[in-house]
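Numbering (my numbering), first residue to last: 2 to 465.
No wet-lab data here; the hints were simulated from the structure. Idealized CB from N, CA, C, for every residue including glycine. Incorrect hints may have been included.
Stated by the list, open to error - If you anchor each label on the Cβ, the simulated ranges turn out as follows:
id : residue 1 : residue 2 : range
1  : 91        : 338       : 15 to 25 Å
2  : 226       : 438       : 54 to 64 Å
3  : 296       : 157       : 45 to 55 Å
4  : 117       : 455       : 50 to 60 Å
5  : 141       : 438       : 23 to 33 Å
6  : 80        : 451       : 25 to 35 Å
7  : 229       : 259       : 52 to 62 Å
8  : 136       : 283       : 31 to 41 Å
To be verified - Straight-line Cα separation of at most 30 Å, BS3-like style, residue types lysine-lysine; simulated pairs:
id : residue 1 : residue 2
9  : 91        : 307
10 : 423       : 452
11 : 453       : 436
12 : 123       : 154
13 : 452       : 197
14 : 252       : 289
15 : 28        : 42
16 : 154       : 88
17 : 42        : 307
18 : 88        : 197
19 : 42        : 252
20 : 127       : 91
21 : 91        : 123
22 : 197       : 154
23 : 262       : 252
24 : 289       : 453
25 : 127       : 88
26 : 127       : 28
27 : 28        : 457
28 : 28        : 262
29 : 197       : 457
30 : 42        : 91
31 : 127       : 154
32 : 28        : 423
33 : 441       : 457
34 : 252       : 307
35 : 441       : 28
36 : 88        : 123
37 : 262       : 289
38 : 423       : 436
39 : 441       : 453
40 : 123       : 28
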Amino acid sequence: RDQLDKSLWTDNPDGDDVVLLEALSEKDEAQKVEFRIRDLKVRAGYRYDDFAVLYRTNSQSRAIEDALRRGGIPYRVVGGVSFYQRKEIKDVLAYLRLLVNPLDVASITRVINYPTRGIGQKSLLKILSYAADRGISVWHALREVDRIGVPGKASNSVRRFVEMIEGHQESLATTPADQVARAVVQDSGLLEELRKDNTTENLVRWENVQELVSAIAEFVSSRPEDSTLSTFLQEVSLFTDADQQDFNESKVTLMTLHASKGLEYDVVFITGMEEGLFPLARAAQDAKDLEEERRLFYVGVTRAGKQLLVSSARSRYRFGEQQACIRSRFLDEADQEIMRMDGDRSASRADRFVNRTKGFSSYENLDPNYFRQPLQRSNTSKRRKTSVQRKVRDSEEDSGRRIVYDVGEGGEIVPGVMVAHKQFGEGKVIAVEGKGAQTKATVFFREYGQKKLVLKFARLQVIG
């Protein structure tokens with residue numbers, strides 16, 4: 002690596018081991034963080050402002066904020082606002098509130114001309130005045146726009162707006178809330194608006210919108226008995242009310258790793274330690290970018306004055322879909338002698354990190370069940386019997402035998418399994434879609450990133 006030789010030392014005594022928190026999902030990860038904060042506050046006598054929770058991307062704060070709110074733990078977001086107070090989130094929520102309650106005037110005025118539809122302030126004032134003069138709702142006035150004297154272009158835009166809202170209102174009765182939300186983001190023009198300028202700010206806003214849809218999907222899957230959009234919006238209203246906190250009280254600090262530079266806290270959590278998230282997927286394709294990600298991890302580690310906890314999730318929701326995750330290479334590269342698993346469970350679980358090369362080829366040394374995720378499989382990805390004759394061969398690697406299965410057209414290719422590809426090496430299946438000869442698998446390869454492969458031609462081999 003391109004680093005200057007340097008020697009660093011401290012007069013401080015040896016600190017606690019680094020604690021690795023392994024979670025099933027981002028919700029489970031956030032709950033573990035919340036529990037640890039409460040536990041350490043009671044046992045070690047810390048104040049809330051002794052804790053910092055760091056993450057790579059702004060959108061990750063959502064799950065952590067939700068967990069802290071539910072646990073009654075006050076917090077502050079450094080370098081930004083809390084998740085549900087961000088403009089792009091308020092915009093999407095305004096659209097969704099209109100589906101549940103079209104009489105919500107605040108939501109109407111917020112989004113009727115965002116993204117821009119040619120409905121100017123004068124046209125909106127005419128509509129509001131028409132409603133007030135006749136004692137009817139603003140929504141009712143929008144439906145009578147032809148009688149108001151609004152200019153032709155604006156009038157057409159109002160009609161299309163009303164038709165879009167009413168169309169999605171009808172779908173609420175038969176369509177899961179997260180799918181409705183995804184459709185609203187698309188049909189409203191918000192998606193196009195956030196993607197039209199390829200700026201960092203728009204990318205962050207788009208990631209936040211994706212995270213909101215993921216939050217709704219998570220809500221739907223965890224509350225099958227009452228997973229309506231109305232119930233979700235009620236919970237969000239409670240969250241936003243909780244944002245009005247005493248500015249003088251001690252609070253846990255939430256911030257991105259970039260924002261943490263130059264700061265120090267007694268207890269630091271670094272969350273989201275997974276490939277594609279930290280390091281970011283696009284950084285993994287470039288040596289310099291990857292080294293910058295590694296330096297950023299170092300920044301996070303050195304923010305901890307007394308105790309450091311790092312966490313990873315086995316699966317995360319991405320734009321409403323649950324996807325399996327691979328633990329970050331940065332955890333593999335860390336000094337394993339000072340790392341222990343959450344709860345001090347058997348040392349053998351931590352030992353799987355020891356004497357590891359930095360490459361992807363040594364993954365056969367891990368616990369073979371580690372990458373098997375408890376994800377629900379779609380109909381197209383269930384394990385199926387196949388008439389294709391399986392070819393089995395033994396290979397000598399690191400003085401051990403390994404069985405490799407060649408399963409033809411993906412009979413055993415399902416989310417969560419490890420596979421080998423002739424060109425890209427070893428990777429993990431993230432998703433499977435399509436049928437028959439058109440079946441495709443999305444695979445994350447450490448050296449090449451995410452690839453979508455047609456199984457008929459990919460000749461993937463299942464290795465674990």
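- Query: Does the structure keep residue 42 and residue 91 at a Cα separation of 30 Å or less?
  - Reply: 33 Å, violated
- Message: Check whether the Cα positions of residue 423 and residue 452 lie no farther apart than 30 Å.
- Response: 13 Å, holds
- Query: If you check the beta carbons of residue 91 and residue 338, does the distance land in 15 to 25 Å?
  - Reply: This hint is violated: roughly 47 Å between Cβ atoms.
- Taken at face value, is the distance from the CA of residue 436 to the CA of residue 453 at most 30 Å? Status holds; Cα separation ~15 Å.
- Message: If I claimed the Cβ atoms of residue 141 and residue 438 lie 23 to 33 Å apart, would that claim hold in this structure?
- Response: The hint (23 to 33 Å, Cβ to Cβ) is violated, given that residue 141 and residue 438 are roughly 54 Å apart.
- Message: Please verify whether residue 28 and residue 42 have alpha carbons no more than 30 Å apart.
- Response: It holds: about 21 Å lies between the C-alpha atoms, which stays within 30 Å.
- Task: Take the C-alpha atoms of residue 127 and residue 88, compute the straight-line distance between them, and say whether it is at most 30 Å.
- Result: Distance of about 26 Å is within 30 Å: holds.
- Query: Is residue 154 within 30 Å of residue 88, Cα to Cα?
  - Reply: 27 Å, holds
- Item | Hinted pair residue 42 and residue 252, Cα distance within 30 Å | 12 Å, holds
- Task: Can you let me know if the beta-carbon spacing of residue 136 and residue 283 is within 31 to 41 Å?
- Result: 55 Å, violated
- Query: Are the Cα atoms of residue 441 and residue 28 separated by 30 Å or less?
  - Reply: Roughly 29 Å separates the two Cα atoms, so the pair holds.
- Is residue 441 close enough to residue 453, meaning Cα to Cα at most 30 Å? 7 Å, holds
Comparing the model with each numbered hint stated earlier shows that hints 1, 2, 4, 5, 7, 8, 9, 14, 26, 27, 29, 30, 32 and 40 do not hold.
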